[in-house]
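Here is how the chains run, residue by residue.
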Amino acid sequence: MIQHKIKFVLSLFFAAALLGACKKQWDQRDSIADQRLDVNLMQQIQANSSLTTFAGYLTKIGYDKVLAASKTYTVWAPTNAALQNIDPAVVADTARLRVFVANHIANQTYLASNIQGGQLRVRTLNGKYVTFTPTTVEDANITVKDQYVKNGSLNIIDKPLTPKMNISEFVRSLTTVGGLQRDYVNGQDTSYTDTSKATVSGLDPKTGKPILVAGTGQVKFNKYFSRVASLDNEDSTYTYIVLTDAAFQAERSKVSKYFTTVTGSVDTTNALAGFNVLKDVAIRGLVKINDLPASLLSVNGVPVPIDKSAIVQTYNASNGIVYVMSSVNFKLADKITPITIQGEKPSFFERPDRGANIINRLRTDNAGIQYRDLLVQFTSSSNSEKAFFAAYKLSNLYTCQYKVYLRAVNDTAYSHIPAPGNISQRIIFGAINGTTTDPTTNVITVTTAVNYPYQNTPPYNYAEMEQTNAAAGTIAPNATINVVGGRLNVTARRSINMYLQGANTATLNQNNVLVDYIRLEPILQ
Amino acid sequence: MQKFTKTIGLFLLLCLLGSIKVMAQKPDSTSAHMADSLARYRQDSLIKAKSPKVTGTVKDAATGKAISGVSISIEGFSAALTDDQGHFQIAAPSLDAVLMVSYQGSQRKFVALRGLTKVPDILLFEDTYTSIYDEAKLPFGAVPASRLGNAVSSVNTYGAWEPSKLETADSYLQGKVAGLNVIRRSGTPNIGANLILRGFNSLYATNAPLIVLDGMIFDTQHYGNSIIGGHVSNPFGNLDLHDIDNFTVLKDAQAGMYGTKGSNGVILITTNSNPDLATRIDLGLYSSYNYFPQSSLLPIMKAGDFRTYLSDLLGTTALTSTQIASLPFMNDAPSNPDYFTYHNDTNWQRQAFANGYNKNIDLRVSGGDNIARYVLSMGYGGNKGITPNTDLTKYNTRFNGNLNVSKNFTINTTLSFAYSSQNLRDQGLSRKTNPMFASLIKAPILRQQDVNSQGVESPNQADVDIFGYSNPSVLLSKSQQYSQSYRFFGNFNFKYQINRYLAAQSLIGVTADKVRENIFVPRTGVTDDTLANGSVVDSRLGSQVQRLFNLYNDTYLSYNRSFNNIHQLSAYLGSRYTQSDTYSNVGLGYNSAIDQLVSVTYSVPTLRVAGGDLGSYRWFNHYFNANYSLYNKYIFGFNVTADASSRFGNDVPGALHVGGISYAVLPSGSAAWIISSERFMSGLKFIELLKLRASYGLTGNDDIGNYTARQYYVSQALLGQQGLVRANFGNPALQWEQGKKLDLGIDASFMQDRLTIQADYYNNQTTKMLTQTPTASSSGIVYAITNGGGMKTNGVELNVNGRILNKPNLKWDLGFNIASYHNKITSLPVNNLISSYAGANILTSIGHPLGVFYGYKTNGVYASNAEAAAAGVSVRNASGNLVAQRGGDMRFVDVNNDKVIDSKDMQIIGNPNPDFSGGISTTLSYKKFTFSALISYVKGNKVYNYTRRMLESESNFYNQSLAVNNRWRGDGQVTSTPRASYGDPSGNAAFSDRWIEDGSYIRLRSATASYDIPLKNKYFKYVKVYVTGYNLLTFTKYLGYDPEFAVNENVLLQGIDNTLEPQVRNVQLGIRVGI
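Going down the list, the protein sequences come from chains A and B. Be aware that the first sequence starts at 1, since it is given in my numbering, and climbs by one per residue. Be aware that the second sequence starts at 10001, since it is given in my numbering, and climbs by one per residue.
This is chain A alone, in the form it adopts within the complex (with noise of 0.2 Å):
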């Protein structure tokens, strides 16, 4: 009873202290001042009499929610008048209703007004990009711009914006120009198994490992765009170049001798040099044809010289624009480049056991450039020691003539090696499979294809030596390298091996091996 009689007083008093203790103060800030501020994005929509096709379309993709959620957006709303010529095929198809509609909503708040630099590339919900700018969106005028509502901003527009193919798409989409260019492109394609994407059914008794359900867990890529740009990717833009099959295959006669294969497929010798060609007409960035120069970088650094009057089409893609040209002349010499082969990046030793005389070093040269170079220097002086030498495995050489040069800077010469202080080496090449190795010393024997003489490496020569006069070793019938006119001659595509050598004395220091680098320079015909 008193337990009663207690809670209806307190009761009473808190009636008393809840009628005066509303955060009155509060009122007038916390009160939406800006009535747009009230409303969310889909209601502004709806409230305007001019926006009723584009509410119609949002409600009919289930937009409106995600117009009236708590995330921010930009919208670019067509007006009735800018909706009247789409393609009812379009409207009656949902799926590409949604595609068509997201293309006119970014995630975020941009406010033309805000925009720095002229133009701003926004992605849109169907992850698509349009182009923004004070006064348009793509190619539509802004009528109404930045109105501010709750959770976001909206602008109406008189042109519906109609999501644009990607370059990717636009090449594979190609029927009357670049045939050639669009087969390789597709041809490309491939695929991988992903097994952290994978279904598994379960584990293998015997080896424990996952089992995976047959065709889950693919993962599709494109070889090319992967090694040169990822034209099917919508963050980045790209300038790109489309070869009608005319000039794609002039360009690619241009470099196919150089890639002449061990069987002469053609097939091969075509991709290969295809390849050469094509890994060079994506160009980083939009460049728009009336902002051409004559001469534009590939995305491998590979000048691509520009004929205004050889496009034949242009396309403004989603991630960049495209140009069919009739014609690229690119240069030999930016196609087919010098090889350098670095010095400190040897594949194998003649010996496996001499690790603690192999210095990998880290050196300026008189320009005050830093360079790495190798240095095998040996502390006592053996028999063993004697032409120690250190191989390169060289793959994908083109097949034509080499003049070969070594950067070696010998810097040890005062502390070490008396006057006159040359460390003498030589480069021989020879059949990957030229090699035998001692089985209880594990030494290995060389047999080689190609010997440069012994050339000396004087004190502090930072220039590079020109290696001459090779003499043919021993070349087996089926060699891909030989001697002509006293240079490395490659004759068809082949891994082969490289081997730098050291003095043939036990005297110490003087039989060091020391290397920046290699050089291979193509002698193009």
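The set of hints was computed from the structure by calculation and includes no laboratory data. Since the model is a prediction, treat every value here as computed from it, not as a measurement. Just so you know, even glycine gets a beta-carbon here, dropped at the ideal spot from N, CA and C. Among these hints, one or two may not hold up.
[As the list claims (entries may be wrong)] Partial list, computed: chain B residues near chain A (C-beta under 8 Å):
| id | residue |
| --- | --- |
| 1 | Arg10307 |
| 2 | Ser10311 |
| 3 | Ile10324 |
| 4 | Met10330 |
| 5 | Asn10331 |
| 6 | Ser10961 |
| 7 | Gly10970 |
| 8 | Asp10971 |
| 9 | Thr10975 |
| 10 | Tyr11038 |
| 11 | Leu11039 |
Go by the hints and put chain B onto chain A.
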């Protein structure tokens, strides 16, 4: 002003000289030779027979009925009782005599004869009536206010049975004393209040009045800081309010009788004095309920608004819209494994407050005989805090005894012991560990517990969130902040009456105090911290012990004599001595292996920090005090002290030096004239009392640091080695701060004491104020402590009390007090010092009050980029770069018109000192019902709302207030809230007048309804039931939880709301039984 002061001083001196002359002219010839008491009796009778007879009638003020048996007396001369008709007749030595009228259960009243032989009807009010005759319990005895020559306020508690144990003695005084501005520090139980009596007197030394409890100094200083964030350990918590009978506040130069401890005034507290011999038991039982209404919560965003804000904010970071859209809280697909972690709408703020029940018991037993009397009291309180899992448990006992060993020898003792233990949580600026702050800023989209991808909640509490903020529910349930405090306070007072006039007294007492604190902050769910050495801190552990031991002695001779009922002289000569020893020991540790290991011993040894402090000082105060009154109309007081202290330098210039020690010699004097006792006033019946007062004198403040005058060393680590470095310059000239206090007052009572008025004007000046003087960098020490400053505070006070309705069954009292002070710094060694706290700049500048806020003024928000570009103003940001303002940025006032907003454009933007403050009290009693209420108010003080600044800074992932919904979004929007921008490059949230608010409030501080149950049972003296509400209503424009708060006692930090617990609303139901 100085001239005025001088004039007053001269006037006082003349009065004093004049009085001596009067004394000299009237030698005490009649009684001088009366050695034999019989002869003296005869002589007395003879005088009485010759004396004029005075008659009158005593009546009850409410009923108007005559009262019989009222004692009428003239001190040291004659006495009489009223008859059945209330008539009395008494012999008077002269017609300037004063009748003392006293009656059990009624007020004691003093009636001046004013030359009349038939006095007007004497009306007596009940003993709890607030009147001009209330006694002030001064150090040397009780004096009725009507006879005081100084500015003194007295508060009688009548047992203080209404307040709960949440109230401490310091906070109890709020609104009760004109000129005493009581600012409760927060709503934490026991946290107490800052007492500011008549404004400020010091910059770095204490501004708190001296507390003297039962004749002995009650040490309320804080020795060292708490290791609990935002906590202040309050010594008043160890003093039970129910034991207190009376507070007497010495406001003017009279406080100088405590020498260099009196510059901030003195509050004298009397406990459990026991007038009754009969055994008496009082039992109080009460329970109360704390509550925090939903409507008091700050309006902060819910999940929807917050995510829109977040979206806007993230748009200003370097993240792309794709990256933002892929953040887990922006991914709305329910298949998203984090969906349930980030799609909630949690009201964190609500969880940071808890309602709770409190239980309190008080027992008081008193009794005795004419040899020994005692009061024994005990109390228990179990109280909950407003924060979940916080509480306070208190136990207290007190024994007061009076022992008459012989006729002339008495011993009084008061012994008290109190213990309290308190569970607390970090408050204030501990952003990572203050649960209240964490709950305000925590994103509402998150939830308390971990949750899996199916939405099933785990019993584990969520760890630090994606934004890096602590989980408030972890702070509330898993962190531990624990404080225990003990205080023994006791003394013996021996008094020997040497002869009729002369007595010797000696009081010896000790204070032993201990505060022990332990803290633990878990690693899970709490944002990591970083130590100065770069170590990352997960869990935080600490313990601290602070001890205080004071020995106190006060020995004096007193001489009291009345000469012919014309001259009354009392004089006191004595010494006070105190020795104070403090000790503190603190250990902080970090990163215990698991959250179950909560003691410092489990912390990582390499990260441990140990520290401590020892402090001791001695103070020796010699005093001479004389009071003289002539014809009961002219009252003079004189006081001089000579203080020696171990804190003073040995070579204080201009000071008295004895034996190589500097003495602070501080004289003061007062004079009062009771005009209403003059014969020419006898016709003015409506004037009960009219008195003019003036006082002037010197006081001192010895809170200058125990060792500041000497040179000392502190330990310092260098390259892993510990060494000693010089910490200061010894300053042998360092001295007490000196205060000059002038007070002019008037005490008046009208309409037979139904209306009393006290008004005062005062002017306090501090010279030799302690300051920090910057020194040359070659000295290796940043500043020297010198007596280089000065300050001035003046103000007025008014206290009005009245009985509006005075019917037998219906009485209505109304009291009102108001006070205003104006503070100004008059000198500083270096002008314009700027201190920083919680992002605020506080300016200390000559000519300005203490603690003014210094920042930018704002003038709205740029509505568009074009508008901002047209203004062309840039803001210099924290890294010194200029950032051009754009649409949605704050428009700061460019004071020097250089188009750059930087420190040169700062100005004073607010003064935390109030225009005025005070209280209103009222009591309405109807038959057995009594309703009383106390209202406190403060007007015109500016406060800095740090909490709101955090909630409206729009620069980070803190949850924001609803006002942020009005933030600038686009061109043309006119709003006062700037745009959201991550990291605030444009400085929109800089310290400006946006965060300065009006801290005025008026609060129904307490309201009580009580009922006296009529009893026929003879075993019970009374049974009283009551219900009390605390802090029920507050009217304020302040936008924080509560307009009343104090960071700590630092005067520069007044008015800064650093997120402390708001005042608790509390409803209490109690019963009090007397046996």
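Structure-based check of each hint:
Here the hint on B:Arg10307 is kept, as its CB sits about 4 Å from the closest CB of chain A, short of 8 Å. Taking 8 Å as the C-beta cut-off, the interface hint given for B:Ser10311 holds, the closest approach to chain A being about 4 Å. Taking 8 Å as the C-beta cut-off, the interface hint given for B:Ile10324 holds, the closest approach to chain A being about 6 Å. A hinted interface residue such as B:Met10330 counts as satisfied when its beta carbon comes closer than 8 Å to some beta carbon of chain A; here the least separation is about 6 Å, so the hint holds.
Taken as an interface hint, B:Asn10331 does not check out: its beta carbon lies about 10 Å from the nearest beta carbon of chain A, beyond 8 Å. Interface hint at B:Ser10961: satisfied, since its Cβ lies 7 Å from the closest Cβ of chain A, which is below the 8 Å cut-off. Satisfaction of the interface hint for B:Gly10970 is found here, the shortest Cβ-Cβ separation to chain A being roughly 3 Å, below the 8 Å cut-off. Because the smallest distance between the Cβ of B:Asp10971 and any Cβ of chain A comes to about 5 Å, under 8 Å, the interface hint for this residue holds.
Given hint, B:Thr10975 at the interface with chain A, holds; its Cβ is 6 Å from that chain's nearest Cβ, closer than 8 Å. The beta carbon of B:Tyr11038 comes within 7 Å of a beta carbon in chain A, closer than 8 Å, and the hint placing it at the interface holds. Because the closest C-beta pair between B:Leu11039 and chain A is about 6 Å apart, less than 8 Å, the hint holds.
In this structure, only the earlier hint numbered 5 is contradicted, and the remaining ones agree with it.
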